[in-house]
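Protein chains in written order, with the numbering used here: chain A, 939 to 1307; chain B, 184 to 635.
Calculated from the structure, these hints are not laboratory results.
As the structure is a prediction and not an experimental result, all values here were calculated from the model.
Treat the hints loosely; a few may be bogus.
[As the list claims (entries may be wrong)] Derived SDA-like pairs: lysine to any residue, alpha-carbon spacing no greater than 25 Å straight-line:
id: 1; chain 1: B; residue 1: K374; chain 2: A; residue 2: K1229
id: 2; chain 1: A; residue 1: K1182; chain 2: A; residue 2: N1211
id: 3; chain 1: A; residue 1: K1034; chain 2: B; residue 2: K367
id: 4; chain 1: B; residue 1: K374; chain 2: A; residue 2: W1169
id: 5; chain 1: B; residue 1: K553; chain 2: A; residue 2: E1131
id: 6; chain 1: B; residue 1: K367; chain 2: A; residue 2: R1119
id: 7; chain 1: A; residue 1: K1229; chain 2: A; residue 2: W1169
id: 8; chain 1: A; residue 1: K1172; chain 2: A; residue 2: R1119
[To be verified] Far from chain B by the CB rule (all over 12 Å, computed), these chain A residues:
id: 9; residue: L996
id: 10; residue: D1090
id: 11; residue: D1117
id: 12; residue: F1170
id: 13; residue: C1180
The beta-carbon is built from N, C-alpha and C at its ideal position, and this holds for glycine as well.
For reference, the chains in residue letters:
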Amino acid sequence: MAEEKKLFKVTIDNITIEVEPGTTVLNAARKIGGDVTPPAMCYYSKLQGSGGKCRTCLVEVAAGSAADPRPMPKLVASCRTNVMDGMVVKNITSDKVTDARNGVVEFLLINHPLDCPICDQAGECHLQDLGYEHGKEGTRYEFKRRTFEKEDIGPYIQLHMTRCILCYRCTYVADQLTDKRVHGILDRGDHAEISTYISKAIDNDFSGNMIDVCPVGALTDKTFRFKNRVWFTKPVDAHRNCDKCCGKVTLWQRGDEVLRVTARKDEWGEVQNYDGKPGWICNDCRFHKKKSSDWVIEGLTNINRHSVIGQGKYPGLVIPKETIAEVMHGRDPKLLMDIHDISDVNDPSVDLSLIEGPATSKTFEKNEQ
Amino acid sequence: MGRKLLLDKIKVENIRLYDVYRREGGYRSVERALKTMTPDAVTEEVKKSGLRGRGGAGFPTGMKWGFLAKPAEVPRYLVVNADESEPGTFKDRYLMEFIPHLLIEGMITSSYALGSNRSYIYIRGEYEWIVDILEQAITEAKNNGWLGKNILGTGFDCEIYVHRGAGAYICGEETALLESLEGKRGNPRIKPPFPAVKGLYDCPTVVNNVETIAAVVPIVNDGGTEYAKIGIGKSTGTKLISACGNINKQGVYEIEMNISVEEFIYSDEYCGGIAKGRKLKACIPGGSSVPILPANLLLTTAKGEKRLMTYESLADGGFATGSMMGSGGFIVLDDSQCVVRHTYTLARFYRHESCGQCSPCREGTGWMEKILWNIETGKGKMSDIDLLWDIQRKIEGNTICPLGDAAAWPVAAAIRHFRDEFEWHITNPEDAQRRNFGLAHYADPLKVATPA
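Next up, chain B with everything else stripped away, as it sits in the complex (with noise of 0.2 Å):
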């Protein structure tokens, strides 16, 4: 049983009200950081915990904080980006509806550190009911005095808003979700100026990802070191994986970073194995934008060792034969799944969520989504298959936001793992209206490629 950091009192009666969750050992990070630490001491208590960034990129945290420029009489900003909108992703959601101080404790802590007054959630619109969850720990905390003027006697001031978003995919991006937040049109900025220059109201602002804030808490708490000892390598600590998919146990886990993908699928304390007794086909590891994985590849690397629920094995050996942690939205497909209709499904996802600005983005996935629909219904023409490969090859890293580079990566390895199952919708269009392709030899094992 791993150690859990951010869930362990998930069950408690009631944690979503302040006199449970305070007696539960909460806020007691606020206390310490603000009555006997420096802010600059809680950075460099988050460097040494060696935290990364849980929205997906995985830049270490500490690091972004001490890029934050502090020019004087400038306020700075600290947002939460709570516009969870990645499909496959839903774990910020169940850490804000189920234990709702812990981001507000994270946010304090946090707010303290970088100096800022005014912070804010910036969460989706569609998680309407936790605005209200939101807004309603926020005003007990400020009747507890953690939040306002002179919080616990120490000087500091600090207000949270919450902030709704109106429904879009873009604005999780860190720069649109700004200009959203400022009033605008959530289009992503060009950078630079990054944030930590010129954020939210062109002044300095660090934008990080609900869980992320929430880590804080158990880093001020126990330390960054005791918080570095979990995990393996630069994958430091737990991490909130929201599991989906052809399971028998969906649901958001929280795992220590040193655990094999095959125990996550299979152990009985996590997913519990594939559904009515099904065989693994394949496997999204960090929400919908990262490649997917065929099994034989997602259980082992391409150098035969056994693949690993952290950063650095799941991106092990590049996009070639590798994938990435993402923002932990792990979706499992049996053999049951259509890989075809399911790189369709994405496609037309990131074609409604493109914000229009750039133009290989705007038109590159329209076109894609065409393509895989004529290959899904039994349309298709050989050269679809190679048109999509050159799509997906000018979209990506041509664009000012990653959301061109999302929208290409999916179909990308949908096409370098899952040739041979577009072609077959190609050359059987009758049958595969009928059928699917099935595992396939996607669970053969691999021969190991032996280094040179």
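Okay, chain A solo, but in the shape it has when bound (with noise of 0.2 Å):
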């Protein structure tokens, strides 16, 4: 007789889940997804060892288990701590939490170059996510931010030392995809960096796949190095036949022009899964097919509506689902006041660009007679 799993329950945010023991406490969080998931920028699932180490995803445990319901006394790093059966887990509930995540983004941004009109991550950059979901609007840091001597490491990656949060996802590919690590963390501080100790080349055929896990633009692809913006390209999910890899990519397209190829990727920023397996791929699957020919094109790619590409009318949007209706059991929201009619730019029927000025005071005061 199969035994039953135990799950275990627990509530993040004052919404239960059950999960299987030994799911993490993002994991869990990511199973109800939306605002209650704590950002990551160094936790990869598909990586194994990785987190821990940035301390965004940091919630507070107010009941540790249901066995032992006392509260963990410092804030706990959600990536790498299992759930227990009754535990109680407060995200953005807790104003500890938001404080303290407010700090780390700051301390992720003081060295960092904000270069991000010349950087080619920006606009699918987990840190400019971060910063504007928790950041502050100004910056206390008055002193020069920290740079590194220039290190060219091969042919394709592109490495930005300054961008570097020291996430250590890249050092966790070179583990556990290719067979020799030429790369590594060296010094130690603020003034450690990622680096090839004896000036090497990375040649390895899964090398590109640390472009893809990098949260930041440290590490980017040189065969796409200023050829385009993300937002002006057009995703489309393609595949090939690779020996080497599952062949499953997505090509940023401009017209016809595939200028990139990356690994597909799911809503958290991370590799999709294929057969259960992450969808790494090699990297003559992402350098060299730079063709339409070279690909079987499957369609266009799904892209959250957050996200910056969107606002290229792309059609392939994920507009997420009008609940307001569903909330309100049919009826429509009773409206404080209608607006639309009072002045023409509140007015949707109204083209903006056909007003002859904006609204002013006087135009409520004409209206009111």
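Since each chain sits alone in its own frame, please combine them into the complex, following the hints.
This is the structure:
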């Protein structure tokens, strides 16, 4: 008789979910989705041992478990903390978490060059998202930002050490995907850097995946360098028969021209799984198959609505379901004031470019009379 | 004159050598433990003694040993943490340099209690001459049958290896130490799992400080109950204090944990008072990472009691008005010292030693150092003090290992108790370059807070 697996009940921000034992708090939160999910800059579910370093996913554990309901004294990294039965976790409902996360974002940004206007990662950068959601508008840092000597790590990958947030993901990729790691973290503290110790090119067949896992623009694709902004490109899903990898990729096109090839990513910015295995792609597919004729195109990639790629009138946007009707049981929401007929600006049927001038206080006086 | 358990024979000539050490009664504890006691009985004695970890955190050693997982067919390890890198702490160096056999003896006894057949001493790279001393002691012990296979015919095997670190403060953190011992980059691991379950090479491991292991020798010799009679309350036994700074007699002192801080600083038996007849301004009682205390709070607690050299009394009042015993690095500052400069020096140290793994510590320590440098050199702003406070608050408790806390506490305590001095540095930048703030009111008797 198959033994029934006991599931653990965990409550995150007052939403209760049942997950398998051994799940981390972060993965449980990802099952719920939405705002409840803590951001993660260093954790990568497909890389063993990753996580725990960036501290953006800190959460408060208000009750350790049903058996031992004491709260945990410190905030814990949700990516490396396993759920217990009856655990109560506070993420966005905890002021302590919000405060700590603001701090972490500030720490990550004080030495970041903020060169987004010339960075190829801009538009799909996790640090941009994080800064947008949890950062402050100004910086309190008044010193020179950290710089490094430039290091050439080969013909395909461009290393910008100043942008690095030391998430260690690329070293895990090199450890777990390639047979020999030739790069790593040198030095320590705020002068630690990603580098190859003896100036050596990273030339392994799967090394290109470092670009995909890099949450910021520290590792970018040299073949795509300065070619285009991501929000001007059109991502399409495509595949080819490859004897080295799964061959399932996203092509970033402008017209018919293939500007860049990346692995397909899921909603958390991680490489998608195929047949239970992560869909890493090989360097051949990534760097050398740059013609549309190399690929069988499947269709537009689904892109989340909040992505900046949506700005370019991209048709493949995933637009969330409107839930207001469901919540209101079919009734229309009651409007406190119908602003549509007060001013032309608020009237959805009026094309704004046709209005003579912006609404002023006089516009409102006229309507009241 | 207090009783000495660890250092009583240290003045004997050539105690460093096996023959002299044995003649003075050395290795009795190994004989006693291996021949007459079971491993659990040794652990039980340590529990009874109330011995607390001497490395800084003060966790009860017996309890730590009790947590050690004992799965069958899996080796267990004892690792001695001799990576003594805390500024102001040099007690283990003294112990290992002058009486190395005490550590070896303690290790054999502890290895027996824990069932460790391979024990390691992880020593900081800067102590390279001590490595030779320890290796000589190990060879001597081995030649005389105290190490190797079938020790004293009891069937217990034990080998001790000395491993040199490469000079990183972070490798004194137990999980970083284990990583380094395995040959990896010395980054602290994320806990749990704790080393008692998954430590060195994923096997159950106990990591103890040099002094803790050395203290096992008198505990086994005289019995745990006898050891627990020394000291006050939960602070049992003797503690090595390495005193430095502006005092007349710097050095390592073994104290019974029942004397007052005042006695320790001013009595001729210990520090012998403040050097050059100056006045006591502040003191860091337990190594650079514990909060600094001004003279008035150091000598008496906020309750108005005399502060004693015990774990509890030094921590009395929490971080608001107290500090910690830490690793026993007693740093005394007189009225000619500048607290801002001192805090900057510590911040610089922690920036340099942060491993760079987690962001708050990596970025925050460097930021604090730069702000403190600005204040020290007369370029500070009043808002910088609040900014410093905010940075340290956001580092503390949000990092993987305690180095983040250790970097935040000195800054927090300096601002908490010496804010006037920081403000003076900012409002009188030119004055601050020429002279120090002096003693100010930091030694004034405090009004005793009356409990409600």
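Do the hints match the structure? See the list:
1. K374(B) - K1229(A): 48 Å, violated
2. K1182(A) - N1211(A): 16 Å, holds
3. K1034(A) - K367(B): 34 Å, violated
4. K374(B) - W1169(A): 41 Å, violated
5. K553(B) - E1131(A): Holds. K553(B) to E1131(A) sits at ~20 Å (cutoff 25 Å).
6. K367(B) - R1119(A): 14 Å, holds
7. K1229(A) - W1169(A): The given pair, whose Cα atoms are some 20 Å apart, holds under the 25 Å limit.
8. K1172(A) - R1119(A): Violated - the C-alpha atoms of R1119(A) and K1172(A) are around 34 Å apart, more than 25 Å.
9. L996: 6 Å, violated
10. D1090: Consistent with the label, D1090(A) stays out of reach of chain B, its closest Cβ about 23 Å off (over 12 Å).
11. D1117: The assertion about D1117(A) holds, with a minimum of 19 Å to chain B.
12. F1170: Answer for F1170(A): holds, closest chain B Cβ roughly 32 Å.
13. C1180: 34 Å, holds
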